[in-house]
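Listed below, chain by chain, are the residues.
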Amino acid sequence: MMNNKDPKLLLQSAPLLRQELTTPAAMKDVWIALLPATAAALWFFGLGALLILITSIAGAVLTEWVFTDKDKRRFAMSDTSAGLTGLLLGLTLPPGLPLWMAFLGGSVSIGLGKVIWGGLGSNLFNPALLGRAFLLGTFPIAMTTWGAAGGPGDFFQIHSSNLAWPFMQGQYDALSTATPLGLMKFEHETTALSSLFLGNTAGSIGETSSLLLLFGGVFLLFRRGIEWRIPAAIFLTASLFSLAMLLINGADSNYPSPLFTLFSGGLLLGTFFMATDPVTSPLTPKGCWIFGIGIGFLVVLIRLYGGLPEGMLYAILLMNAATPLIDRYTQPKIFGRKS
Amino acid sequence: MTDKHDKTKASSIVTQEPSSTRLIVSMAVAGFISGIIIIAIYMLTFETIKENKARELREAVFKVLPDVSFMQKLHFIDNKLIVVKAEGMDDEMIFAGYDPQRKFIGYAIQGKGPGFQDTIHVLFGYLSSKQNVVGMEILDSRETPGLGDKIFKDMDFVGEFSNLPISKDIKAVKKGKKTQENEIDAITGATISSKAVVRIINKAFNKWSPRLPQQGSEPVLEKQDNQ
Amino acid sequence: MDDLLWIFISTLLVNNFVLAYFLGLCPFLGVSGQLETSFRLGLATTFVLVITALCAWILNTYVLIYAPYLRLISFIVVIASTVQFIEMSIKKLSPSLFKSLGIFLPLITTNCAILGLAIFATNRGYGLVEGLTFALGAGAGFTLAMVLMAGIREETEINDVPALIRGTAFNLIIAGILSMAFMGFAGLFSST
Amino acid sequence: MATDSSAYEEMIKGLWRDNPVFVQVLGMCPMLAVTNSAINAVVMGLATFFVLVGSSFLVSSFKQWIPKQVRISLYIIIIATFVTVVDYSLLALLPAIHKELGAFIPLIVANCMILGRQEAFASKHNVKYAVMDAVGMSGGFMIALFALGSVREILGVGAFFGIDLFGTNFESWVIMILPPGGFLTLGLLLLFFNWFTERRREFLLKVAESDRMAYVDGDK
Amino acid sequence: MSKLFSLSSLFSLPFALNRSFSHGVHPPHHKDQTADLPIQRVPFVSRYIMPLGQHIGVPAEAVVKTGDLVKRGELIARPKGFISTALHSPVTGKISAIGMHRYVDGSFRQAIEIEADPYATQQFVQSKKNSLNVEDMSSEQFIDAVQMSGIVGLGGAAFPSHVKYSIPDEQRITDLLVNGAECEPYLTNDHRLMVERPEVVLRGCMILRKQLGAKRVAIGVEKNKPESISQLKKYLTAEMAIDIVPLEVKYPQGAEKMLIKSIYNKELPAGKLPRDIGIAVNNVGTIVALADYFDHGMPLIERIVTLAGPGVHEPANLIVPIGTPIRDVLDFAGGLKEQTREVISGGPMMGSPIADLDAPILKGTSGILAFTENETSGPPEYPCIRCARCLEACPYFLNPSRLALLGKARLFEDMQDKYNVMDCVECGACTYACPSNIPIVQHIRTAKDNLRNRKVES
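Chains as they are written, first to last, in my numbering: chain A, 1 to 339; chain B, 1001 to 1227; chain C, 2001 to 2192; chain D, 3001 to 3220; chain E, 4001 to 4458.
Be a bit skeptical, because a hint or two may be false.
Using 30 Å as the maximum straight-line C-alpha spacing, the simulated DSS-like pairs for lysine-lysine come out as follows [said to hold, decoys possible]:
| id | chain 1 | residue 1 | chain 2 | residue 2 |
| --- | --- | --- | --- | --- |
| 1 | B | K1153 | B | K1112 |
| 2 | A | K333 | E | K4337 |
| 3 | B | K1130 | B | K1171 |
| 4 | B | K1207 | D | K3206 |
| 5 | A | K70 | E | K4408 |
| 6 | A | K338 | E | K4455 |
| 7 | D | K3099 | C | K2092 |
| 8 | A | K286 | E | K4164 |
| 9 | A | K286 | E | K4455 |
| 10 | B | K1112 | B | K1171 |
| 11 | D | K3206 | B | K1203 |
| 12 | B | K1153 | B | K1080 |
| 13 | E | K4164 | E | K4448 |
| 14 | E | K4337 | E | K4418 |
| 15 | B | K1085 | B | K1171 |
| 16 | A | K338 | E | K4071 |
| 17 | E | K4094 | A | K333 |
| 18 | E | K4215 | A | K286 |
| 19 | D | K3068 | A | K72 |
If you're looking for bench data, these hints aren't it; they were derived computationally from the structure.
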C-alpha cells in the first residue's frame, strides 16, 4: 500500500517560511561595512597595504581550502568567511609588515582559529585576532613597527620591508613612527582627536579612521548584522573607566580622555568587527552585556596599566575564552519558570 | 568451595600483614641510606658549588665596577655596614670593590623589581665619589626574548649605564630624545623593560644612598681567605 | 603592600602557574573536562598551595638553613603528610566539605604545582606573607585557568571538532591559545 | 637469546610505541618548561634518564624488601634522592644550564612518568627488565624533549645547540620559546603523531585487505 | 530591522501601550490572498472519511456499522472515556466501510467511510435532544452536551472542548479569553468568521461566560485585522461587557501563553493550565461552533478552512464538511498548480505536511496551503554561527541554538536538564529566524520524542 498518488509531494516539516537573511548574506554585509575603512587604508598606506590585505586573504582562503574536507569545501568557500577573516586580519596589521608574515598570519588564523575547531561556527576564539596574537607574539618587532600615514601621492610606494624574503627580517628604513597610543603611553603626548577621526595617524592598516569605522559599524547595526549590546557595553565601560581614571589621576597626561580611548587604536575596529563576531560572543543578551563590559574594562586596564600600548586584541581574546562560562551562567529565564 | 580454598591458600602465602615495626624499619633504612647519599653528594659538590657561586658573583661585581680587583660583602645591620663573609645573599647586602692597592673604589648595589614578564634582578656599580653609576648587569630576568632581553643583550643600552650621574633619579626617554645628563635612551620596542631597569636602579639607589658611609670612611678591605 | 599586590597579580595573570610556568599541567589537561569539578579542584588546590607555602616557610626558616641539602626530600615528605593530616581532619570534621573538596586532596599532593610553589617561593626568598600571597595568586591563577579550560572544553564537546584532533593534542592547542591570550597581561602594573 | 630479545623489546617500546610523551602524555611539565632550547632539553633528558634508570634499578633490586603499604613513600624517597644527586651535580658541573633549568630539576620528582614506571614495571620485574624498560622510557622521553627543544630552538632563535643556522637576517619566531609556543608545538607534534599513527593503521589495514583479496582470488 | 524594535523592549514600555509578549518574530502575513474573500460553501461530494481519532485523547467508538444509513448530523461514534469526543456524520448517506484509512500524515487510522446519498437534500435536521435551553443547563449537563456535540478546539490542536470546561471544584474561572489572533500567515478563516458572523461570536461568548461563571470576557485580535475588530465592535453592546483587545502583530501571538501574557500581562507558570490562574482560552471558531450547537443543535460537522498559498489556483475561505477528501476541496478551488511541491495542513509555521491528498479534512484542519519550489527549497543548511536570532525569536526564552547543537550531538538529557527542552511548544519562530537554515524545531521534536519514549520505557 505504498502511496504512489502524489509522488511530487515533499514532506518537509514546518515552518516553511524563512526570514530573508542568510548566513552568506550576513557575511556580505560585513564585507560592505568594511569597504570604507579598507578604502581609507589604501588612501593612507598605498599599494603596500593592498598587498598585505591580498596576501593575508590568500593565506586564509588557501588554508581553508587545503584543510577542509572535500564535501565541506564548497560550503566553506561559499560563505566567504575565510576571506573575511583574512581581510580582518590584514586590517589589523601594520602597513610595513613583510608580506610573508601576512600570509603566515592568514594561514594561522584559519588553521589554528577555525579548522581545528571544526570549521565555521565551532571556533571559540576570533580567528583573525588569533592570527594577529600569534603574529604579535612571534614577530613582536615587525608587528610594532609602524609607518606614518602617507598621502595620495605615495600610493605606488611600497615599503621595502613589505618585500622581505620569507623567514627573513624586513629592513625598516624610514618606518618608525609611534601610534597615537604609543605616543600616549610612552611619550605622554596626545594626538588631536580630529586626526584620529579622519585617520591620518600611524597605526594598523584598517584602524586609523574612526569616522569610516563608525560608518561601517552603524551600517551593520542597522542591518542587524551585529548585536548592539556588545558595542554599547564596550563604549560605555571603556569611556566610563577611562573617565574615572582621568578624574582620579587628573594631573598626569598619561590618562586619556574617554573620546581618545574610543577613537584611538583598534577599539572601534575591534568593537564593530571582532567583538561582535557572533560565533565567538555570548548568545544571551545578558551575556553580551557582560562580554562587552569585560572587553571595555580589560582594554582600558591593559592600555593604562599593562605593558602594551594597545589591549583590544587581548581584551577580546580573553573574553572569548570566558564566553562559554558567560553563556552558561546567563541563560535567560524561561517563560513561566520562576528561577 | 575451590574458590574459598584457593583464597585461603593464597592469603596464607602472600598477604602476611607486615608488622608496623617492619614498616617503620624499612622506612628508616631507606631514609638513612638516602640521607647518606644526599649528604655525600652535598659534601662532594659543596666546594665546587660554593666556588661557582662566588666566582659568578665576583665576575658580576667586577663587571659593574671597572678596575676592581678585590671585593667584600657588606651587610646593613643596626644602621651600619658590617663586613660579612658567610654564604648567602639577601636584600640588605651590597658589595664594596677595591683596586689592586686595596683602595676603596665603589659599591655594587643590587636591586629587584617587576619587569615586563617577571621580577628583574639588577646589579649596578656606584662610585660614591662622583655620584655616578658606572656599570649595570642583569642578574636574572625572564623578559621577552628578542625584545625585553635587550636590557642585557643590547650593549648600547648596557653601555649607557657606564657613566651616568644619579644625583637625580635616572629617566628613560625615547631614543634620540635624550637632553639631560641623567637621561638614557630607552630601547625601541622595549620601553617597559628599559623603564623597569631604570626604576629598579633608582629605587635601590634611593634605599642605599642614605645608608652609605661618608666619603672617606668606607669600610676597609679585610683579609679574605680566597682572594 | 604594592609588592604584595604585584606578586598576586603577577602570579594570577602575568606568570600564571599553568599557562606560563607549565605547573599543574596534569590536572589541567586531565581533569578539566567538567566545569564543576574543575572549580572545586581549583579551590582545593589553592588550599593546599597555601598550606604548602606555610610549610615551606617553616621548613626554610627553621630547618633548611642548617641542612640545605634536605630541601627537596623534606618538602615532599612534610607537604604530603600535612595534606594527608588535613584530609583526615576534614573527613572527620566536615563530611560535606570533604565530599566537595577533600576527595581531591591526595590527588593534588602529586601535582607539580605544589612542589613548584615551595621551590619557587624559597628560591625567591619570599617571607611568610609574601609566600602566602604567592600561594593565593598561584591558586587563583590555577583555578582561573582550569575554569576557562573547562568551559571551553565543555563547549567543544558538542562542536564539530574532527575526531583526529580531539584529545590531548587539542587540549594542548587550546592551552597554547589561552597562554597566548594571557600574554596581553604582560607588564601589568609594572610600568606605573 | 629469547630473553635478550624481549628485554630489548622492553626498551624499544618506550622509544616509539609507548612513548611516554607522545602516546602516554606523561611528564608534560618539564616537557614544556625546559624545551626552549635543544641543549636544555638534552640536559633535562639526561637528568631524567639518570633518575629513572637509577630508581628503577634500586626499586627492582629491593622489591622483595619493600612493604606494599609504604611502597609509594619509599619510591618517592628513592626518586628524590636521585634528583638531589642530579641537582647538586649539575649545580657543580654545569652552573649555567642549571640556572636556566632552574626549579625544573627538582621538579623531576613530580614527573608522574618516573613514579609510574616504578609502580607499574620496576616493582614487578627483575633488574634486567626494569633497567631496560627505564632506559627505553627515558630514552623515549629524551627523544620527545629533544624533538620539541630542537623545533622550538630552530624556529624561535634560528639556531641549533646555539649554532646560528640562518644568518643574522633570520626573523626569529619569538613565540616558540615563550610558553604559548611550548603548548602549540607539543600540541601540533602530538597531532602529527596521531595523524601518522592513523595513516599507518589505515595503510596496514589496506595491505591486509589486499592480501586477503589476493588470497581469495587465488582460491578461485 | 526588527533589531531596532528590540530597543524598545529595553525600556519596557508601560503595559497599556504594549499589548504583546516579548520576543517572537514578524513573518510576512500573506493574508491579502484570502482576507477579503467571503466564506463559500463547498458542494457535497460522494465520499467522506471520518477518522475516529481526529482529536487529542482516546479515539471515539463507532456506533454504526457498514451499510447503516445515516442522516447529516447523526451520531456515528461516541466518546470513549472522558478525554474523547463524539463524531457525527457530515452527510446523509450510507456507511460504506469501517476500516483503516490513510490519515493526513501518511499513517493508517481507523475511520468510518460514508457514501453520500446523491439524492438527499443534505439539509441539517435539528434533533429534539439538542433543543435543550442552554440557559437552564447545569454545568454537568453543559459539559455532557459539549462532549456529545463533538466540539474540539478549532485553532488546530483539536483538544476536546468539554474537558477544558470541566473546572475542578476548587478552581474558579474569572476570565474568558477568546483567541482571534490568528497569527499564522496565510490563514484567514477566523478572520472571515469574525467579519461575517460577529454576532454569533458574541453570542457564543455570552453562553460560555455564563456556563463558566467568568466575570470578564476579552477577545484578542491582531491589529492587522481591522475589519474583524470593527465588525465585532459594531455588534457589541454595552451590557455584553466584552473587551475587544487589538494585539500587536507578531508571531506567535495566538499561542495560549503568549495571548495570556499579552492581554493580562501574566506569565502562565510552566506545567500549569490557564484555568489554574482562572482563565479559559477558546478559539473564535470553537466559540461559534458552541453557539451553533446550542442555538441550532448543529454538532461539529463542518468547519471553515482557508485554502491558500502560491500553489493554489483559486485561494478561498470555505465551509467544508468534515471528512471531505482534501483532493476534492482542492479541486473545488481549481486544483493545484503544476509547480506545487508541498501541501500543508494548518499554517506555514506550525502546520504539518500532507502525505496523501485523499486524506480528509479533519476537525482541526484550519487551512490547506500549497507551496512551490520557492518556499520549500531554502538555502542550504549552514553551520550555526550563534547569531542569537533564535534566542530573540523564542517567546519562551529558551536557547534554541544550544538545543539544536545538543540535539545534533544527541545529548538529549542535557537538553532536558539544562535547557528545558520540554517547555518548547514547537512554534517554529526559531527556525523561521535562523539565517543558517538549521531545522531547529526538528532537532527539538526528535529530542522530545526520544525523551518521552525513554520516560515511557523506564
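query: Is K1112 of chain B within 30 Å of K1171 of chain B, Cα to Cα?
result: 17 Å, holds
query: Are the Cα atoms of K1207 of chain B and K3206 of chain D separated by 30 Å or less?
result: 75 Å, violated
field: Hinted pair K3206 of chain D and K1203 of chain B, Cα distance within 30 Å
entry: 71 Å, violated
query: Between K4337 of chain E and K4418 of chain E, does the CA-CA distance stay at or below 30 Å?
result: 46 Å, violated
- prompt: Are K338 of chain A and K4455 of chain E close enough, with their CA atoms no more than 30 Å apart?
  reply: Distance of about 25 Å is within 30 Å: holds.
query: Holds or violated: K1130 of chain B with K1171 of chain B, Cα cutoff 30 Å?
result: 18 Å, holds
query: Does K4164 of chain E lie within 30 Å of K286 of chain A when you go C-alpha to C-alpha?
result: 38 Å, violated
message: So if I understand the rule, the pair passes when the alpha-carbon distance is 30 Å or less; does K333 of chain A with K4337 of chain E pass?
response: 46 Å, violated
- request: Quickly compare the C-alpha distance for K4094 of chain E and K333 of chain A to 30 Å and report which way the hint goes.
  value: 56 Å, violated
task: Measure nothing beyond the straight line between the CA atoms of K286 of chain A and K4455 of chain E; if it is 30 Å or shorter, mark the hint as holding.
output: 34 Å, violated
- prompt: Within a Cα-Cα threshold of 30 Å, do K70 of chain A and K4408 of chain E meet the stated pairing?
  reply: OK: K70 of chain A and K4408 of chain E at ~22 Å, within 30 Å.
query: Taking only the CA atoms, is the gap from K1085 of chain B to K1171 of chain B under or equal to 30 Å?
result: 35 Å, violated
Of the numbered hints stated above, those contradicted by the structure are hints 2, 4, 7, 8, 9, 11, 12, 14, 15, 16, 17, 18 and 19, listed in ascending order.
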